[in-house]
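Q: Generate coordinates for the entire structure from the input sequences, incorporating the hints supplied.
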Amino acid sequence: MTKRRMAAALAFLACGVLLALLPALQPPAFYETFLYLIFFWVALATSWNLISGYAGYFSFGHAAFFGSGVYTTATLTSKYAVPFLVTLPLAGLVAALLGCGIGLVVFRVRGVRGELFALLTLAITFVLATIVLNTPIDGGPGVFLAAVPVPAWLGSSHATLYLLSLIVALGSVATAFAVQSSRWGTGLFAIRDDEDVGEVLGVPTYRYKVLAFAVSCFIAGVVGGIYALFVTYVTVPDVFSIGLAVDAIMMAALGGTRSWIGPAIGAAIVSGLTQTLTGGQSAILNRALIGAVLIVVIVFLPDGVAGGLARWGRRPRSTLAAVTVTTASVPARQQQANGMPLLRCSEVRKAFRGLQALTGVTLEARAGEILGLIGPNGSGKSTLINVISGYYQADFGRITFDGQEITRVEGHRIAGLGLSRTYQIPRSCRRLTVLDNVALSAMFGVPALGREAARSEARSWLGFTGLAAKADALPAELNLHERKFLDLARALAAQPRLILMDEVLSGLTPAQMVGAVALVRKIRAQGTTVIFVEHIMSAVIDLADRIVVLAGGQVLAEGLPRDVMRDPAVIRAYLGRAYA
Amino acid sequence: MPSPTLIGQALLAGLFTGGLYALLGLGLSLTWGLLRLINLVNFALAFLGAYLTYHIATAWRFDPFLTLAIVVPAFFVLGVVLQLGFLRFEIHELTSLIVTFGLTVILESLIQWIWTADFRRLETPYARSTLKLGTLFVGVTGLMGFVAAAALTLSTWAWLRWSYLGKAVRASAEDGAMAAAFGVDRRRVALLLSGLSAAYAAVAGLFIAMSHTLAPSQIYAWMGVVFAAVIIGRLGNALGLFTAAIFIAASEALTMAVTSPGWAPLVSFTLLIVVLLLRPEL
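Chains as they are written, first to last, in our numbering: chain A, 1 to 580; chain B, 1 to 282.
Incorrect hints may appear among the rest.
As the list claims (entries may be wrong) - Sample of chain B residues at the chain A side, in silico, Cβ under 10 Å:
{"#": "1", "residue": "Leu6"}
{"#": "2", "residue": "Trp60"}
{"#": "3", "residue": "Phe62"}
{"#": "4", "residue": "Val105"}
{"#": "5", "residue": "Thr259"}
Rather than coming from a laboratory, the hints here were simulated on the basis of the structure. Cβ coordinates follow ideal geometry from the N, Cα and C atoms, glycine included.
A: What follows is the structure, encoded as structure tokens:
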């Protein structure tokens, strides 16, 4: 823990203690209510942000999780006389279980992202509201809780509710901070930018999402439990309202969704404004004013208040300092017995609806070799890479890596075994710098480094691929060839035993090609086995120890480059019958 | 089990309500699907349109349908102006939600300031007239709303599918830079779409005024179900939206008739969840 972080933690605690002592001064009830509502929104907006801001899964249904907490506490206290404080963790638990259950199903479906996830959570709100409304949980008239005893801390039951909401608000902000500084948070940010890339780099995306959703729902549930006794009368339309979710979203976006403190800032601003402005004579005008404030802030601070502050506070970087050209002194890995089969595909098949992309591929890559994978367009090369790396599941057949079966293994586990890939069309996390993109791989790949160690490891790989000067740029600022090398650096930072390169060389100038060919040789010299897909025949013949030719989704020929190139079947596949 | 007449009447009611959902959702679907802007203002505009219709029809004794001649062009201009602002400040998907929510709140305040928070009801000669179809009673207002929704949906769909301008709009939505390289003026496309969406809101407003009691807070009441219809129908797909809207409204009406009104949302939204999980790529 750095000094600055220590200071921040202390300031945070001091703030909490000061606010906690407020009821002892016995201020007018107005202040307690005012602050209670701010804490309420701070906790809700922060909770929303854990799944939606960090992981990018936009929840429109936080009212459902909040509401399940409200009705858990309401039912337990009013019908079963369970002490109020006991019901709070239960309220959180019920909401978390609900979220967990939804997450376990929904996060399995690759297509439910973005607006579809938003809709799904919205629908869950309606379904839950209907069930609560039509069953004895509520039944229609609402639940009265005025008679439920609330312990009096610091003198009154109001103070208790105030303190509870303070604790939950601080707790949720601290949780958000802890998540953001952890591997988990880094993984969630990768999921938000490009989930598939994250999985291939070794981020356990499914587990991370379910966990984040559960924590987010837990907080919403506890907030709901406290709310139930704050209002003492709960009704379905009030509790399961879309407005609640919309407000939380708005606050988080206003404050900044990529920051742990952003949602809290947004909540304080909106809730503070709403409360000060909507009372009194000019209520209508003031409501319009809130609308105007929202518009103005978001127009001038598109990344939210926290994003704006961060940009303002960032000192101009000396870009020169970043250019440290390391001459590729990369640790040599343990050598595998060269020539032993490392990757083995047998009878691998994959179909997309009617299209049979792979019709039974059997091939092997031996440790320490450079294997060229060639074939006409549409022959299934990229599909094979996608199947091996775990992005697609094979319909049939077996794939083993170093003797271990990886046919139906999740992508991040395959990455953890030491298998990396690049993309034909480069993909990267667009909101992370080039350096952090590569560091992500060192964090979640074989080395499993901490964040700082991963960064310095990443620097050496950027040097290796000639991107050191671009370390602080965003991927969008690179040209296509640089983005391909970013993909490569990222794959290498995972310290793989086998790397799958999908057309890294195409599009290079002849001079760049010479350097790139040397680079691939160097990668092999470090003990990494290479499978590369390429159309540039001179490079393939130059580099490959062996060649496998795919055509029509199966292996057409394999062997030494010179032999394969003379095979009439191969010539026919590439150039047509006339040339064979 | 309720009688066939009751079921038929319920389905008819669902058909008409669905038409209204589709009218309200059309603008949202187009701007969200084709401009990547989640435009909540549509809901506020529809109610502003409804109030304008109410005002013009009661104060100036216009036929409600004639008010369209004033409100539709005015709203088209309003939509264009809005889009100019969005373009000027480079509003994107997430921020659009907040900005348009802010605008919605402002419009709501405006409505409340002019017409107060009291309930308003437009009395028209159409409201009481019904047709008899076998054993079923068909409300003329509802029927007209449904026909208008169907006509707008079909023409929008056909326009997007077959006309050059429609193809330009779709190309621009799929890959803006590429469409621009082939000569599509993205700016004008965006302005046109936004204007159209606002004009659709005006039409929706007319039928809301003719069939529902107005209150400023009602702006938010329709959001959930219309959002659902827009997304089930696929963003930017007018025909899909129309089908989804009818489906949702009909299943709601049917549930109300068969069980109690309270259970209505359960069927449509459970179906929605199932559809999403089984066929997310739809």
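Q: Against each hint, give a clear statement of whether it holds in the structure.
A: Results of checking the hints against the structure:
1. Leu6: Violated, about 20 Å.
2. Trp60: violated (26 Å)
3. Phe62: violated (28 Å)
4. Val105: holds (3 Å)
5. Thr259: holds (9 Å)
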